[in-house]
Amino acid sequence: MATLNINGQTMDIGEIDPSTPLLWVLRDELGLVGTKYGCGIAQCGACTVHLDGAPVRSCQIPVGNLSSQQITTIEGLAAADGTLTPVQEAWVELDVPQCGYCQAGQIMSATALLRSNANPSDADIDAAMSGNICRCATYTRIRQAIKNAAAKMNGTAFYDAAGAGETA
Amino acid sequence: MKFIKNDHLSPELPGFFDDLVATPKTDIGMPEVSRREFFKISGVAGGGLVLGLAMGSSPKAKAQAASSDDVSTLSPYVQIQPNGRINIFSKNPECGQGIKTGLPLIIAEELDCAWETVDVVQAEIDATRYGAQFAGGSMSTPMNWMAMRQAGATARAMILAAAAQQLNIPVSELSTSDTMVVHATSGRQWGYGEFAELAATMPVPAPDSLTLKTRDQFKLLGRRFTGVDNNDIVTGKPLFGADTRLDGMLFATYTKCPQIGGKALSFNEDHIKSMPGVVDAFIIDQFGNPKMFNPGGGDIFSGVAVVARSTWAAIKAKRELDVEWDLSDAETASWNDLVEKAYALQGQDGEPLTMQVGPPGNRNTVAASKGDADSVMANAATKLSAFYEYPYVSHAQLEPETCTAKVENGNVEIWAPAQIPQSGETGSAVLLGIPAEEAAERVVLHQTRIGGGFGRKLANDFVFEVVAIANRMQGTPILLQWTREDDMSGDYFRPGGFHSYSAGLDGAGNLVAWQDHFITSTGNDQGPMTSADLNPNVFPMDVTDNVKLSQTMFHNAIPTGPMRAPSSNAFAFTFQSFMHELAVASGKGHVNFLLDTLGDPRLANPENPGSMHTGRAADVITEVARLSGYEQESNQPGRAKGLSFYFCHSGYVAQVADVSVTANKEVKVHKVWAVADFGFIHNLSAAENQMEGGIIDGLSQLFNAKITFENGVIQQQNFHQYPLLRMPQSPELEVAFLEPEEFSPTGAGEPSMPPLLAAVANAIFNATGERVRKMPLYESGYKLV
Chain C
0 MATLNINGQT MDIGEIDPST PLLWVLRDEL GLVGTKYGCG IAQCGACTVH LDGAPVRSCQ
60 IPVGNLSSQQ ITTIEGLAAA DGTLTPVQEA WVELDVPQCG YCQAGQIMSA TALLRSNANP
120 SDADIDAAMS GNICRCATYT RIRQAIKNAA AKMNGTAFYD AAGAGETA
Chain L
0 MKFIKNDHLS PELPGFFDDL VATPKTDIGM PEVSRREFFK ISGVAGGGLV LGLAMGSSPK
60 AKAQAASSDD VSTLSPYVQI QPNGRINIFS KNPECGQGIK TGLPLIIAEE LDCAWETVDV
120 VQAEIDATRY GAQFAGGSMS TPMNWMAMRQ AGATARAMIL AAAAQQLNIP VSELSTSDTM
180 VVHATSGRQW GYGEFAELAA TMPVPAPDSL TLKTRDQFKL LGRRFTGVDN NDIVTGKPLF
240 GADTRLDGML FATYTKCPQI GGKALSFNED HIKSMPGVVD AFIIDQFGNP KMFNPGGGDI
300 FSGVAVVARS TWAAIKAKRE LDVEWDLSDA ETASWNDLVE KAYALQGQDG EPLTMQVGPP
360 GNRNTVAASK GDADSVMANA ATKLSAFYEY PYVSHAQLEP ETCTAKVENG NVEIWAPAQI
420 PQSGETGSAV LLGIPAEEAA ERVVLHQTRI GGGFGRKLAN DFVFEVVAIA NRMQGTPILL
480 QWTREDDMSG DYFRPGGFHS YSAGLDGAGN LVAWQDHFIT STGNDQGPMT SADLNPNVFP
540 MDVTDNVKLS QTMFHNAIPT GPMRAPSSNA FAFTFQSFMH ELAVASGKGH VNFLLDTLGD
600 PRLANPENPG SMHTGRAADV ITEVARLSGY EQESNQPGRA KGLSFYFCHS GYVAQVADVS
660 VTANKEVKVH KVWAVADFGF IHNLSAAENQ MEGGIIDGLS QLFNAKITFE NGVIQQQNFH
720 QYPLLRMPQS PELEVAFLEP EEFSPTGAGE PSMPPLLAAV ANAIFNATGE RVRKMPLYES
780 GYKLV
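These protein sequence lines are chains C and L, in that order. Numbering that gives the first Met the number 0 puts the first sequence at residues 0 to 167. Numbering that gives the first Met the number 0 puts the second sequence at residues 0 to 784.
Source of the hints: derived by calculation from the structure; they are not laboratory data. Don't take every hint at face value.
To be verified - Beta-carbon label-pair distances, calculated as ranges: (1) His669(L) x Arg114(C): 28 to 36 Å; (2) Glu709(L) x Asn153(C): 33 to 41 Å; (3) Ala44(L) x Leu50(C): 26 to 34 Å; (4) Lys236(L) x Gly13(C): 21 to 29 Å.
Glycine residues also receive a C-beta, built at the ideal position from the N, C-alpha and C atoms.
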């Protein structure tokens, strides 16, 4: 019986077709529906999860290719008590989501970026986020939210051009 | 040739709906407010004061409501619980426009609540209780603005009355603030919850006895508020259609003929059914005429359903399907043929265009032309002609169509991300032969958050498909998942079209005559396909005395439907690019030419309160020119600004784009300035979000979006063939709102996008001297970087 390491837990996935993409194992077998299907061909990034900390497109990873890797999904970011990560917090405060469907993937890409680069430039952000489509086109706010999250994590002043401080 | 309204839309929709989905016109008055009546509702969990509204549109519901406290006939809007928490019910579908947060905010303002004491509850779909519940036409805010304010004010008045009685203090000495009743004289204050039980016994005040706040008294409205679902979105909670999970549910795919309208005759059934995880596979027959956009008809294309234990098993089997199709009713149109036939008509007139005016059911057919464009044009000092083209495009919302349904004992339960969920119920009843009078009882639809709509999910074809599949799988909940390929090749597309324009200027450079021969498509050889019609109220035709409109329709039933800012999403490019051509010819400068064309401040059509107000139009143009420094610095070769204005869905938007263009046509959009007048902005964050998204959506469409078809087969399948704009191409944005005191809020979702198209095209002309008259720009060699 196969198992996966997801969000710090060993999860039993039973007897499963090894060609099944991780995306559908998460959604259909494990009930982790925060990871989204958008295109199935690694064009949109809605299905982004972390594999040993690196952002990957879960629609392209047959579950049979996985063994002991640590998988993190959007459900695994916040603390057990619900405390959000600085990236999630920045997303909420800046009111980034419109429809919200792509945002799990955006947050996973942004989280991985900030883990490897505490002070990303605009070019760094462009490079890290260009695999994630937002059809509602919240790119302006995603960029600012990444900068705000970086500032939070670095303990520096909370730069806030878009006026998130006024939000309730 | 007739200009036919989309009267095939389902009858239960509000009367204005055909207008709002078909055209950008806005002759929709504000809803009647003087006779709104609120009622108390008892027996709601949590207790306290619950106020509901008897729908004005349903005399029966109103009569029932007046005679009883029966919960079933009333729509709860606000509940003040004894524990001090306020529940506010949000009735319309949320597809990213922010309405789930926006409508409750309006109630909270007049109730004088602290937003932190409010819990927003998504209302059930129920036409008899809530009236029309839909997301479309940028109508949610204007249609509900006054009713939501009155709901909040009514509840506040009842809390105050209860407090006065309970405290034995004259009501005149009491006031409210932040969910507290305040006695200023004594400095004491109490939470609303303390009076909730008594308030529930108080008489409901008449609407005309209420004093609504003035704009300067607003504490919440006008500020930025974040979406109430944000926390759930960033933590991956189940919110969306495909997140529905039910005991014993199975997963399905549905495969239709690549040549649109083909019918499944047979398929490799034995092989498919032998595949691992596949539970069943079967053909479903066509129902109705699904080539035509009809949200409430139950129409579906024929296809092959695969039902499996997982989405992946259903997708794998779908890939191995080998289907024999009957192509006798399949479409045979090819886009390139239409293009060739359209260009052959350049400079010629089509059939005179007519339009229907008057109330529904009593409409008269009149000529859409006015004045004497032919003779004025003949005498014009300057004459210009141009031919414009735009393609079919796909909505490409990021959530592919998905829906869950269970059919059992003649009853249907549906979980749907639908923009007109009530039509999903109606059409499901039609599809299954459930009599209309039993539909309310037997068909129940639960709305989920919509992972992007843009008009695609105004159609309910994906709802009807899963209902048909679930009907074959009695008792088993079925989740239908479309693939991206299903979505992109199975859209109700924004239709492509062509405009052959001529216009005349007098000796002073003033616009005096306008001619448009509009070339479009028809599926029934009577009227244009949905969203493929010409609206004679487009600026500048609405303010020009001599206008001649004609039309040619090619037979082509590739399915079309409304997409964000229907028809405006194309006309804003063609009309406002040609306006810039005329402005250049006039020698006056673009801003002056637009302002002179608009003329004195007035309604363009004094008899239509929804028509464009020229003064509001002039104000956004003037302000965006000031903000961006448009025309205050000379454009340089290779770098320039372009401006455009458009009016639709009651919204006034002017935008300026600053672009550079290299010798090999790489275009960088450095910055876009937008100035909008949507009346009062009640949630600044949501309005800014819509404007920011609209601008970038516009860039994506302008440069890259094109769907083509050959012999009825759509040629694009996924994002590698239909690129959407990504973060590196996203420009700096600056957004400002004019909020004239005398105008109520109107919607932001749709009018935010259209002006961008011509603003950038005009900037490219200013930078290069080349006029691009065809979308998308990549076909003219331009690349957005």
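Right, here's what the structure says about each hint:
no.	hint	result
1	His669(L) x Arg114(C): 28 to 36 Å	holds (31 Å)
2	Glu709(L) x Asn153(C): 33 to 41 Å	violated (54 Å)
3	Ala44(L) x Leu50(C): 26 to 34 Å	violated (44 Å)
4	Lys236(L) x Gly13(C): 21 to 29 Å	holds (25 Å)
Of the numbered hints given earlier, the model fails hints 2 and 3; all others are met.
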